[in-house]
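Protein chains: 2
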Amino acid sequence: MAHCHSPETKMPIEQALDDLQAFLGERLSRSKPDLDAHAGSESYFPPIAPDAVAYPENTAEVSRIAQICHAQGVPMVGFGAGTSLEAQTQALRGGVCVDFTRMNRVTGIRPADMDVTVQPGVTREALNEELRATGLFFPVDPGANASIGGMAMTRASGTTTVRYGTMRDNVLALEAVLADGTVIRTGTRARKSSAGYDLTALLVGSEGTLALVTELTLRLHGIPESISAGICAFPDMTSAVTAVMETIQMGLPLARIEFACAATARAFNAYAGTDMAEQPHLMVEFHGSPEATAQDAERFAEIVADHDASPFRWSAKTEERNALWAMRHNGYYAILASRPGARAVVTDICVPISELARAVEETQADIAASNIAGPILGHVGDGNFHAILLLDPEKPSDLDEAKGISARMAERALRLGGTCTGEHGVGVGKKPFMEAEHGAAWGVMGTLKAALDPTGILNPGKLVPDT
Amino acid sequence: MAHCHSPETKMPIEQALDDLQAFLGERLSRSKPDLDAHAGSESYFPPIAPDAVAYPENTAEVSRIAQICHAQGVPMVGFGAGTSLEAQTQALRGGVCVDFTRMNRVTGIRPADMDVTVQPGVTREALNEELRATGLFFPVDPGANASIGGMAMTRASGTTTVRYGTMRDNVLALEAVLADGTVIRTGTRARKSSAGYDLTALLVGSEGTLALVTELTLRLHGIPESISAGICAFPDMTSAVTAVMETIQMGLPLARIEFACAATARAFNAYAGTDMAEQPHLMVEFHGSPEATAQDAERFAEIVADHDASPFRWSAKTEERNALWAMRHNGYYAILASRPGARAVVTDICVPISELARAVEETQADIAASNIAGPILGHVGDGNFHAILLLDPEKPSDLDEAKGISARMAERALRLGGTCTGEHGVGVGKKPFMEAEHGAAWGVMGTLKAALDPTGILNPGKLVPDT
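Chains as they are written, first to last, in my numbering: chain A, 1 to 467; chain B, 1 to 467.
If we strip away everything but chain A, and leave its shape as in the complex, we get (with noise of 0.2 Å):
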């Protein structure tokens, strides 16, 4: 260490950590493996560690840790499942990791409005779980268990995304903590309003660099009364992607709509002995009433008969249904272990509906000259996909290949018209491509940091231009 300190004069984060442990005393961890577990998220991005963890059980004791973290300068990291795709939790510069996983009630549910409240740190099948006796269910599914917190800081979405809209269209309102320790309420309970600036949204996919966000109103969804869903195989790309904007201009209900390439019917049928068409395949799910969901499958079996798919199986029982859809679910699993001892990376672009065929040809042809394997998934109806890059972790040459296709897939979202990130947000990884896709737009964002937090203690390092 360069200077010298007196006894008397400690560090800004020993203070810091002291006036913690005395204000939450076994609630701040420092053990090793703790400090392991919160220095990463579900990526290939390596670890780094913060020098403490806070676990608060209410808004008061996340509101004094922003206190006492802002009167020494010390960084702040929200933290709630670990499920991030790009590194948002990575405690870039240190400091302090603020775990939710204690503040994970639903504390108001009110079928009459269809909206709960929830403390960050529930998970979504949890939530779920508790809606259940409702008839009523949340409907936004990144895939993994993420809390809600963390999908709102993210600004998540998935498969019902097409139907249900993503985080942003989901979170009514907000309570939330200020770098300094001001608790905030961003929206009520009323369905839209214009009274003045949506700091909802602005907060919804911020990833924790404006607040610490404590409570979370949600809308909720109907469990619809049927549900119908099917399958079927396209010759290429083209034809499936024309198909499914014919069926959205024909203002057909998609509930779900999703592309898996050959690749990945491959992997699954290794994976599950199923012996799937090696061809781009669509799966559909219509939700309603029990005729109008046969209705909607029939009429989509008609359209993609237009465009050479092969017959449109569905069903609307529901053993049928989660067999159709367990290619889906699986398929990450399936496509790893096509390749065993693989790690994955795991891209995220989305792009103009008209577009989308091109960029996913590009791609695979950018994989296909590449010395590793990419088998792609994606949610059509939204133009969203992930190419699942396998490497192998003894050849540090394969996570260079990977890094390189992941960047010329941003690229070419952005020559095409869309966004270097549909749902996993910008973290650790997407930054580099945040001047490209925004411009002038990116020096606001950071302008609004430097606003909301002056001293740069929520998340440094992410999202925003470094100061």
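Each hint should be verified, as a subset may be incorrect.
Covered by chain A, per the in silico footprint, the following chain B stretches (three or more residues, Cβ under 8 Å) [claimed, not checked]:
id : region
1  : 56-70
2  : 192-202
3  : 326-340
The calculated label-pair distances, taken between Cβ atoms and stated as ranges, are [stated by the list, open to error]:
id : chain 1 : residue 1 : chain 2 : residue 2 : range
4  : B       : R408      : A       : P290      : 46 to 52 Å
5  : A       : D236      : B       : T274      : 55 to 61 Å
6  : B       : N330      : A       : A440      : 44 to 50 Å
7  : B       : D466      : A       : E130      : 53 to 59 Å
8  : A       : Q67       : B       : A365      : 42 to 48 Å
9  : B       : G439      : A       : Q15       : 28 to 34 Å
10 : B       : F23       : A       : P46       : 41 to 47 Å
11 : B       : P235      : A       : E130      : 32 to 38 Å
12 : A       : P46       : B       : Q67       : 44 to 50 Å
13 : A       : G443      : B       : P47       : 58 to 64 Å
14 : A       : Q67       : B       : P47       : 55 to 61 Å
15 : B       : A60       : A       : N371      : 44 to 50 Å
16 : B       : A436      : A       : A440      : 33 to 39 Å
17 : A       : G443      : B       : G439      : 25 to 31 Å
Because the hints were derived from the structure by calculation, they are not lab data.
Glycine is no exception: its CB is placed at the ideal position from the N, C-alpha and C atoms.
Position chain B against the provided structure of chain A, taking the given hints into account.
The following block gives chain B in isolation, referenced to the frame of chain A:
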């Protein structure tokens, strides 16, 4: 004038107007009729005129106007069709009104992606006229033939919001000019994104206080194959609202669901010679396939029958449907005509749906106890309603009484978990309720405003706390 100026030292406003005149020529107007026409809005607020009106024709001109105004610290107030209801365009501190009438082109229609790019001055009706051949439409309908830019700036909505959302949900991307003339782009044509702060959502609803919007990319929707619509009467508001809540919970895809109170029915009978029951009414519309819209209407008929409604009369024929909606669309004029010579104060609150019957009934009781009339219309699917408070322009006490009723409505909305404005915006009229609605978050709005517009030239005096 208290201060002396040498002939060489111009006032900043004079310098700005000289510079603008040199740049815009005849497209900078200082004529009295033009200033008067830009002094306010469709509302009861006193007119406050700008010093000049600028008519830019493209983004570069808006940017140059901003640079000139910024250099002299002169206010800028954006102006679309002048249909705002809360005096959003009053030039509270003078300056330059930026009128977007000449920026009214539809610059790109992309049917395959179901999106469109427009300049801010295009009106809702002109846009839908241009879209007609595509089979697509832009659904947000605030009633007035507002400009799209103005609708975005007030986060407008209307009768179709229950199905298609507000401007928040239908603006994909923006181009905007900041206070200093910097041009930014927010969002992309991708349907969703997790790439950083949602600046699009921050600008939508900002009422020209953060930037001047120069281009908008909007989501479009397919013109429904079939539309069914119908009407029925209820013994009281509670039964009507309960029927609506049941309908929504059952997942029936309402495209519009509007209510009108007994006094509105009475006014319409007098206006149009109809013989509607003088009771609360619901008017409903379903969009979809012919089979689906018929089934939806039949199911709705069953629901309302359980709530003591009159038989639900519905039709899928265009003529009958248009006749049916005449009451809703002409409701405002029918109500105005019920008091010849009267002016109206149009109120606007939004509450959780479970509180809607109570909010309406308390409002009706408050109006009944006053000396003025105030029929009620609303968007029951959103919990949003308006009392049309009728004033004798010769009686100043009527305006005081209307303001009192409007203030108590806003306070009632907040007490019931709602918002002081569902769709008309803050402007001048709702600013007194911002602190009560947002608490410390109102201060955050002020912080954001100060960060993006440090000299306070963008629509000064509106929306955020006075500094």
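A quick look at each hint next to the structure:
1. 56-70: violated (count 0)
2. 192-202: Held - the region 192-202 of chain B has 10 residues with a Cβ nearer than 8 Å to chain A, which meets the minimum of three.
3. 326-340: With 0 residues in contact (Cβ-Cβ under 8 Å with chain A), the coverage given for the region 326-340 of chain B is violated.
4. B:R408 to A:P290: 46 to 52 Å: About 47 Å separates the Cβ atoms of R408 (chain B) and P290 (chain A), which means 46 to 52 Å holds.
5. A:D236 to B:T274: 55 to 61 Å: 58 Å, holds
6. B:N330 to A:A440: 44 to 50 Å: 46 Å, holds
7. B:D466 to A:E130: 53 to 59 Å: Once the Cβ atoms are compared, 44 Å apart, the range 53 to 59 Å for E130 (chain A) and D466 (chain B) is violated.
8. A:Q67 to B:A365: 42 to 48 Å: Check passed, 46 Å falls within 42 to 48 Å.
9. B:G439 to A:Q15: 28 to 34 Å: Given a distance of about 31 Å, which is inside 28 to 34 Å, the answer is holds.
10. B:F23 to A:P46: 41 to 47 Å: 54 Å, violated
11. B:P235 to A:E130: 32 to 38 Å: Check passed, 37 Å falls within 32 to 38 Å.
12. A:P46 to B:Q67: 44 to 50 Å: 46 Å, holds
13. A:G443 to B:P47: 58 to 64 Å: Violated, since G443 (chain A) and P47 (chain B) (Cβ atoms, about 38 Å apart) do not stay within the stated range.
14. A:Q67 to B:P47: 55 to 61 Å: 48 Å, violated
15. B:A60 to A:N371: 44 to 50 Å: 48 Å, holds
16. B:A436 to A:A440: 33 to 39 Å: Cβ of A436 (chain B) to Cβ of A440 (chain A): about 36 Å, so the range 33 to 39 Å holds.
17. A:G443 to B:G439: 25 to 31 Å: 30 Å, holds
The structure shown violates the earlier hints numbered 1, 3, 7, 10, 13 and 14.
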